[in-house]
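For the protein sequence lines, the chains are A and B, in the order given. Everything in the first sequence is counted per the numbering used here, starting at 1494 for the first residue and increasing by one. Everything in the second sequence is counted per the numbering used here, starting at 1494 for the first residue and increasing by one.
Check before you lean on any hint, since a few could be wrong.
Since copy identity is lost for identical chains, a pair holds within one copy or between any two.
As the list claims (entries may be wrong) - Listed next, the in silico SDA-like pairs over lysine to any residue satisfying Cα-Cα at most 25 Å (straight line):
#: 1; residue 1: Lys1750; residue 2: Asn1803
#: 2; residue 1: Lys1535; residue 2: Arg1712
#: 3; residue 1: Lys1746; residue 2: Arg1695
#: 4; residue 1: Lys1535; residue 2: Asp1699
#: 5; residue 1: Lys1755; residue 2: Leu1702
#: 6; residue 1: Lys1535; residue 2: Arg1678
#: 7; residue 1: Lys1641; residue 2: Arg1625
#: 8; residue 1: Lys1746; residue 2: Gly1526
#: 9; residue 1: Lys1535; residue 2: Glu1593
#: 10; residue 1: Lys1535; residue 2: Arg1514
#: 11; residue 1: Lys1535; residue 2: Leu1524
Just so you know, the hints here were simulated from the structure itself, not pulled from any lab data.
Number of protein chains: 2
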Amino acid sequence: MRTVPSTPLLSEDAVIACLARHFPREHDALLLGRGDDCALLKGDAPLAVSTDVFLEDVHFRRSYFTPEEIGFKALAVNVSDMAACGARPTAFTLSLGLPEWVDEPWLEAFFFGMAGLANERRMALAGGDLSRCATLAVSITVFGETDKTGCFLTRGGSMPEDAIFITGSIGLARVGLAVLEAQGRPAIEEWPMACAAHLRPRPQVDAGLMLSRAGANARPPALMDLSDGILRDLPRLLGLTGEIAASGAGCRKLGAKLSLPKDLLHPELIRWAEEQGRDPVLEALFGGEDYALLGSCAPDMAPSLLTAVNGFTQLGTVTDDGLLTCNGVSLADLRGFDHFAAPGSPAPPRRRSLPFYRLTKPDRTADKEIET
Amino acid sequence: MRTVPSTPLLSEDAVIACLARHFPREHDALLLGRGDDCALLKGDAPLAVSTDVFLEDVHFRRSYFTPEEIGFKALAVNVSDMAACGARPTAFTLSLGLPEWVDEPWLEAFFFGMAGLANERRMALAGGDLSRCATLAVSITVFGETDKTGCFLTRGGSMPEDAIFITGSIGLARVGLAVLEAQGRPAIEEWPMACAAHLRPRPQVDAGLMLSRAGANARPPALMDLSDGILRDLPRLLGLTGEIAASGAGCRKLGAKLSLPKDLLHPELIRWAEEQGRDPVLEALFGGEDYALLGSCAPDMAPSLLTAVNGFTQLGTVTDDGLLTCNGVSLADLRGFDHFAAPGSPAPPRRRSLPFYRLTKPDRTADKEIET
């Protein structure tokens, strides 16, 4: 936290001055920075674009997020979409709805957290819009491009026999959410890595860039941002519609045979599941908001990716039988099961009454999402 | 309004299906449309970018806006920023915070209004994000490019003797806001054009494109989106800082000598001002949200622009004395005066307790905005 004099209600001037201390107006990615009606981005290559909102009591709680963490994560969830396309984030715009309680120290800390990630990834703040709002609301649009030596990666293109992989850990952010909801910020002492996974997820940009390069001279990996958990996101990667396919009836569909041994899981996830009397593998499959990457690649590409990509873990193979299994159990049996709603367990309202919707993430081959 | 069966609470599927009926996924401006982690915009020219939020009870009221008008205006205020840079809007992303009361007929009408403007201007919806929200919240990021025969126009570059001009009408949207706040939607019968100016502003894209072309082979006009009224926006165009300059003390500054005869004003503005016992010229100077364009150009360019640009009106000339006057009266005397707060007049809360902030619009040559 910085030592800036507190003011109960910030003027527009003060907000802009605070922002200007954290985000330079000039940047390599910009021909014209903020301050005019539009910013002007350099236009010598196709531009990847993604938008995510980050809302108080929908996506975060002020009771256990610091302002730095809110600023960091609001940008991180957007950057993760760039990672999922193998793109390098270059710039972003920021829409900010500020409640009246926001004071200068709070705003300083918020921008400090956001600028930390922006600087680490050399991203420009290209512009934005400020408004008063009843609750804190952040909407970010992020821009990026693939390296000259790489290619843009989509979710499409999985084929039977392909290796299914993740980069990063799964299930840990879900534990973090559960313990933070139950215990508030003190949960950090007992569950430091789980809480960090929820409060400060690390977008897998470098892994995405490596996968993008691997795709430049061979069949590109299929890749997506694992934000809703494998159980919901794997069918999207494989182009399965509506329901997780329980039978191979009708036309031939892709499927997946996963193997997820317990020793791949984080010790905090295993310990929490044991304390709760739950199956840690199921927790990992349900876990959302990990901001890990989920993908598939040609079988002969997997060994070199294992060497080249940090955190690369092969989980199984793509099949052509329309079935999804993990450790021999059909994932169809798990559909609709949500043990967050089980008696005696915390039931975070953000998951139940305030579902998180994404326009950018419908199943690519169908009109319908899996209902949650 | 369409006849779509009502559902009390829309699922994500239903929202996306509704959206898909109004916005095609494929478009000339896109290499990859929505449905993946990122969309991919064509990248053969620099890309203009701008973001604006549009929030219930901050920027609009549901009591007198139809859902079509909310959808239309949420996009229109963004498109106006493109117009202000002489750019052609090509695509946009949409962040949508939907309260629980939103049903399918409402959403159909909202997208219908938004798609009307998008289709008229041939813009693609490139992606977005959906979330539950306590009040209706729209954040749009819009993309555009200048024509091959034009140039990107900024706010900078005004010189002494330049002609100051507007395209479009001024002050009318302010009247619309006042009568809609006072009387609600029935105000439309008595004040049709004023209400239309507030409910359904027409972004001046074609005027912006003509000005952009005029700037390709000569000194480009300075141009901005007249969204906060001449009294606040003219000093921004001229690079005046903090306060409207009341004296020429210190370094030499630009100024302006305006002439705004009453017969340039819309009859509804004049009639309303007379009924309220106010000066219609002052109303026009204060009027915000007109989404007209304000600019300056070389004196010898003005006559041809008068012929070529629809709604082009010269209001005066740029001076080098740091003074702003209109009809011989110093605008400095008006600073801080807000007759919306006068006894007996409506005092819209959106203007007083919920100021509309824009990151993209600070004075380009200074850190400080004019305080409102």
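Would you pick out the hints that fail for this structure and give their numbers low to high? Of the numbered hints, 3, 5, 6, 7, 9 do not hold.
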